[in-house]
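Each protein sequence line maps, in turn, to chains A and H. Counting from 1, position 102 in the first sequence corresponds to residue 101 in numbering that gives the first Met the number 0; the numbering is continuous, with no gaps. Counting from 1, position 185 in the second sequence corresponds to residue 184 in numbering that gives the first Met the number 0; the numbering is continuous, with no gaps.
Among the hints, a few may not be true.
[Stated by the list, open to error] Here's a subset of chain A near chain H, in silico, CB distances under 10 Å, partners left out:
no., residue
1, Leu8
2, Pro12
3, Arg17
4, Arg54
5, His62
6, Asn64
7, Lys158
Please keep in mind that the hints were generated in silico from the structure rather than gathered at the bench. Ideal Cβ placement from N, Cα and C applies to all residues, glycine included.
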Amino acid sequence: MRHIISMLLENEPGALSRVVGLFSQRNFNIETLNVAPTDDPTLSRLTVTTHGDERIIEQITKHLNRLIDVVKLVDLTEGAHIERELMLVKVKAQGSARDEVKRTADIFRAQIVDVTPSVYTVQITGDATKLDAFLQAVTPLGVLEVARTGVSGIARGDKVLSL
Amino acid sequence: MIARFLKDEGVEYIYGYPGGAALHIYDALFRQDDVKHILVRHEQAATHMADGYARASGKPGVVLVTSGPGATNAVTGIATAYMDSIPMVVLCGQVASHLIGEDAFQETDIVGVTRPIVKHSFSIRHPSDIPTVLKKAFYIASSGRPGPVVVDIPKDMTAPTERYEYVYPRKVKLRSYSPVSRGHTGQIRKAVELLMSARRPVIFAGGGVITGRASEALTALAHRLNLPVITSLMGLGAFPQNDPQSLGWPGMHGSYESNMAMHNSDLVLGVGVRFDDRVTNNVNRFCPDARIVHIDVDPSSISKTVHADVPIVGAADHVLNEMLNQIGQRTEAQESLDEWWEMINAWRAERRGKLYEPAASGEPLKPQQVVEAVHRATHGDAYVVTDVGQHQMFAAQYYKFNQPNRWISSSGLGTMGYGLPAAMGIKLNYPDEHVVLFTGEGSFQMMMQELSTCKQFGIPVKIVNLNNASLGMVRQWQDLNYKSRHAHSYMESLPDFEKLIGAYGFKAITVNTADELEPALEEAFRSKDELVFLDIHVDPREHVYPMQVPQGAMCDMLLSKTERT
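Whenever a hint applies, use it, and build me the whole structure from the sequences.
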């Protein structure tokens, strides 16, 4: 099963490599990884999506918690949560395809953020499945380049991940 | 600042080797008398010395090496300490900050190299941070589940242009690190209920009992409920082996009765163990009837290989004492264990007197009988250090341990060459005790340059070389699995050990027969102030038994070259 694990990490040099190293060292997989500083400059927030059965996910969270640089951790998939990813896609936009890209972007509520005579650059936000669906829709039109941020997430309601 | 901190932290000895990036630190050490530095002949030996000391004392060992090759030579010792959860602080010199990343002379990213084999690591970024960072390093290394901590110190950090006031930090706090001590009362209650109602329970105690200084509590609990006690290899001595409730240690080469008892149990109370593959054998066939209660200070150890029915995260001594407490308040009677003990005693009787055949007069000595003779010669209370291989298993099987912290062996990583320096680290700190190293000619030759360190600092360890002129454990596997094709497991061109040891000015005695053994041991153990090397030629055909059958259950064992369960 797919899990989204989000953590607060000491904003220290080497902290990220400890987290990433743990995954390869213990043979866990990382599907996406997203990391950036938070409102507290001493902390980064790191989110990984990974696959595994109960036992593996339990091991992943325990081993992550054991890292001294990991301050707090939550498996967002355990409760209601919001998941978002941002993707930039360059799509060929010439002739009839030009309108088709625009229409598809509208259907997905994506935005065209850069335009040349032959290419549209589309920005789209949503959960991973929505991004996948959009990619599938525009692939026949000619996808030139894809840049995805990896998943970021947050729990719904009053639950917060903070110190 | 580093020298002052080490003194204030109560460090008496550090083990190391100087070099360019560490020279400012060495100069500071030269200008003080409180912290004594032991100069080894290879950095790996420094880490093993610190490790041996840490295992015997429970306090962190301290290592000082220079950048680049100095630090990479320490890697094997750091990994050894990591696998066995041994507290250690390794101070590594590093090239000056402005050179980092430029492939400067003797530059290695040692924090990167050691990342998977340390509990944590630090890089010093400002000279004024030194005391706090070192305090954190010592705190992390020695608390919770202990482990090695590397501190990378760029050269300019130890020769600042400004002066900084030094204050010894008595305490440090880390917001992201607070080891648990108290176990969950409700979980402990569940464990007690299972224990009281079990018909075939065993205690399985590991290194965590020794690290957590919980031997007393463990012994009290075992006696209170009349439980059979099995200790892991790391846990040898956590429960006295001369106690009738002791079944020895389980696993690959563990005792017949401990493997049989654990396999047939209906409840395993694991304390400070990690159920590793050398114990469980095929994990899918592990203890089919048993429920597992697992007490460990490190939550990631629980349910890692074997699912725990009742996990208890906490320090062993606290949890065991709380169990005793709760047992005291209960009124219902415990299930009778009479039948269970009858079964166990039957297993014991099956193998009694059949473990090995001592050599007849004139025949080559058996390694097992040498270990038993050393046990008698040292009255069973020496610090026993080993290298890795057959001799290690024989030492563990035949030297019986009645106290914790006396069995010193690289169990998890299995590091050949570990023994001599580890023994030296202990002897240095416990000069009035016998420190015996069981080694083999293979392992010994990996670190024998340290005889020179023994000479310089006067470290009189006793070395028992079980010389079978081959890499015995490799040979055994080749006998069993490769039709005795002994690919590179024999040792041609062995040195004349008497001459070799003599070259360092020490005494060596060669022993070939049973008649020569007792007099040689008497001479070797007469004084505690003399290094003696016993080169004991033993039967190279001997195998270590019992031996678990690959992919079997715990109870599937070869018992000798001709018998199996």
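Hint check results:
1. Using the Cβ-Cβ criterion of 10 Å, the hint placing Leu8 (chain A) at the interface with chain H is satisfied: the shortest such distance is roughly 9 Å.
2. Interface restraint check for Pro12 (chain A): the shortest CB-CB distance to chain H comes to about 7 Å, inside 10 Å, so the restraint holds.
3. For Arg17 (chain A), the interface hint holds, since its Cβ comes within 10 Å of a Cβ in chain H; the closest pair sits about 6 Å apart.
4. The interface hint given for Arg54 (chain A) holds, since its Cβ lies 7 Å from the closest Cβ of chain H, which is under the 10 Å cut-off.
5. A least Cβ separation of about 5 Å between His62 (chain A) and chain H falls short of the 10 Å threshold, and the interface hint therefore holds.
6. The restraint placing Asn64 (chain A) at the interface with chain H holds, with a minimum CB-CB distance near 7 Å, inside the 10 Å limit.
7. The beta carbon of Lys158 (chain A) comes no nearer than 20 Å to any beta carbon in chain H, farther than 10 Å, and the hint placing it at the interface is violated.
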